Amino acid sequence: MANLKEIRNRITSVSSTMQITSAMKMVSAAKLKRAQDAITQMKPYAEKLQEILGNLSATLDLSENAYSEVRETKNVLIIGITSNRGLCGGFNNNIFKKVSNLVNEEYKDANPKVLCLGKKIKDLYKKTDNYYINDEVAAVEDIFADLSFENSAVIAESAMNAFVAKEFDKVVVVYNSFINAASQEVKAEQLLPIIPTVNENEQGAGDYIFEPGKSEIVEDLIPKSLKVQLFKGLLDSNASEHGARMTAMHKATDNADDLKRNLTLSYNKARQAAITNEILEIVGGAEALNG
Amino acid sequence: MQLEIITPEMNVFSGEAEAVQFPGLDGSFQVLTNHSAIISALSKGEVKVNLTKAFEGTDGASELIQLDKSDNKVIRIDIKGGVMEMLNNKVIVLAE
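Just so you know, the protein sequences line up as chains S and Z, in that order.
According to my numbering, the first sequence is numbered sequentially starting from 1.
According to my numbering, the second sequence is numbered sequentially starting from 1001.
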């Protein structure tokens, strides 16, 4: 049996680890709340935008614009979204797996480039030939330091320009989509070219006056909806990150608790054994004196 | 009419308005109550709202709302572009 001092030291170290993990869990829970609020805030905007686009597509063919052009896939841009920090379970690894699968398998022959949002994926691709960066994006690459629509719009715009300039023929976003605090799902969404949406409300709203004209509005709206799509990915990833960290830290705290209980048990056993030994020695000594 | 101004990040304003002036792509225009259904793209500029009653302030995003100095029923909101839709006396502005 290990000696008392050793066990005591381990108990102290496990306890302090537990304090850290439970504090991190609390912090993540608070941040998760805020991240979820951000998603809820964006929902009405995204829904309304889709609705207006839906109304327009009832009377206008949306597929005739620069962002819908389907070309042979020779150059692919993959936008990978991870977190800046670790200690969140498989959160980042799932993205790494998906991105490397896209780079090394699916788009192997399509000169895949990876635009890295979040430090973790940047660390992985920074030194490879696949790393992609340009001046516009460089200014806002550390997106999670200030996660705003404006900053994410810069990235979306740069990707759109590169697509229109035929630098890339396809743009894919890989991110963790938020399901609930405990679960997230890795999604690879095609941002460009736009996949034409099937119009559901057939009657549309033909009564609208369109100012200045339908096609101008469409040209104005499509970049917007792309920006919203990327922003949604970022917000989802952000919320997923905190959810994943919360779950990971919760498990860590539970494990530490178990460990501590076992250690306390063996500590008490060792202590009891030491006391018993001492009594035996005293009794033995007394016997010998009386003898 | 009911007016709502939303951005991807927050709800900037919602309330009753008498008239709203927008920076349209082809120049400024104003819609009054009972205007027919319209969808319009907006450019960078200022949305001027004539409220039905004095502005009381909203919680949250009020730093985007500027009060008119001479008239407490008029507020102005700067936008970088967007789109507005009006249907059945309900105006929704998707601003940036």
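You may find that some hints are simply not true.
[Stated by the list, open to error] Beyond 12 Å from chain S on every Cβ pair, some chain Z residues (computed):
#1 P1008
#2 D1026
#3 H1035
#4 S1036
#5 I1039
#6 D1071
#7 V1093
[Said to hold, decoys possible] Using C-beta positions, here's what the derived DEER-type ranges look like:
#8 Z/S1043 / S/E64: 44 to 54 Å
#9 Z/E1056 / S/S100: 18 to 28 Å
#10 Z/N1088 / S/R34: 48 to 58 Å
#11 Z/S1070 / S/S183: 28 to 38 Å
#12 Z/N1011 / S/I133: 54 to 64 Å
#13 S/A23 / Z/R1076: 40 to 50 Å
#14 S/N9 / Z/N1011: 49 to 59 Å
#15 S/S177 / Z/D1068: 42 to 52 Å
#16 Z/S1070 / S/E69: 43 to 53 Å
[As the list claims (entries may be wrong)] Heads up, simulated BS3-like pairs for lysine-lysine below, C-alpha to C-alpha not over 30 Å straight-line:
#17 S/K43 / Z/K1044
#18 S/K43 / Z/K1069
#19 S/K119 / Z/K1044
#20 Z/K1048 / S/K166
If you are wondering where the hints come from, they were derived from the structure by calculation, not from laboratory data.
Since this is a predicted model, take the numbers as computed values, not measurements.
Glycine residues also receive a C-beta, built at the ideal position from the N, C-alpha and C atoms.
Now the hints, each set against the structure:
The claim that Z/P1008 is not at the interface with chain S is violated, since a C-beta of that chain comes within 12 Å of its own (minimum 4 Å). The non-interface label for Z/D1026 is inconsistent with chain S: the shortest C-beta to C-beta separation is roughly 5 Å, within 12 Å. At roughly 9 Å from the closest C-beta of chain S, the C-beta of Z/H1035 falls inside 12 Å, breaking its exclusion from the interface. The beta carbon of Z/S1036 sits about 6 Å from the closest Cβ of chain S, which is not more than 12 Å, so the claim that it is off the interface is violated.
The claim that Z/I1039 lies off the interface is violated: its Cβ sits roughly 5 Å from the closest Cβ of chain S, which falls inside the 12 Å cut-off. Non-interface call for Z/D1071 relative to chain S: holds, since the shortest CB-CB distance, roughly 27 Å, exceeds 12 Å. At the 12 Å boundary, the C-beta of Z/V1093 falls inside the reach of chain S, the nearest C-beta of that chain being 10 Å off. Between Z/S1043 and S/E64 the beta carbon distance is about 23 Å. The supplied range of 44 to 54 Å is therefore violated.
One distance hint, 18 to 28 Å for the beta-carbon pair Z/E1056 and S/S100, is violated here, with the actual separation near 55 Å. Checked against the given bound of 48 to 58 Å, the beta carbons of Z/N1088 and S/R34, roughly 35 Å apart, lie outside it. A C-beta distance of roughly 55 Å is found between Z/S1070 and S/S183, which places it outside the suggested range of 28 to 38 Å. For Z/N1011 paired with S/I133, a C-beta distance near 35 Å fails the hint of 54 to 64 Å.
With their beta carbons about 45 Å apart, S/A23 and Z/R1076 fall inside the hinted range of 40 to 50 Å. The beta-carbon spacing between S/N9 and Z/N1011, approximately 55 Å, falls within the hinted interval of 49 to 59 Å. Separated by about 44 Å at the C-beta atoms, S/S177 and Z/D1068 satisfy the suggested range of 42 to 52 Å. The hint said 43 to 53 Å for the Cβ distance between Z/S1070 and S/E69, and at roughly 52 Å that hint holds.
Pair hint S/K43 plus Z/K1044 holds up; C-alpha atoms about 23 Å apart against a cutoff of 30 Å. With a C-alpha separation of about 34 Å, the suggested pairing of S/K43 with Z/K1069 is violated against the 30 Å cut-off. Between S/K119 and Z/K1044, the direct Cα distance comes to roughly 34 Å. Violation of the 30 Å bound is thereby established for this hinted pair. Between the alpha carbons of Z/K1048 and S/K166 the distance comes to roughly 40 Å, so the proposed pair goes past 30 Å and is violated.
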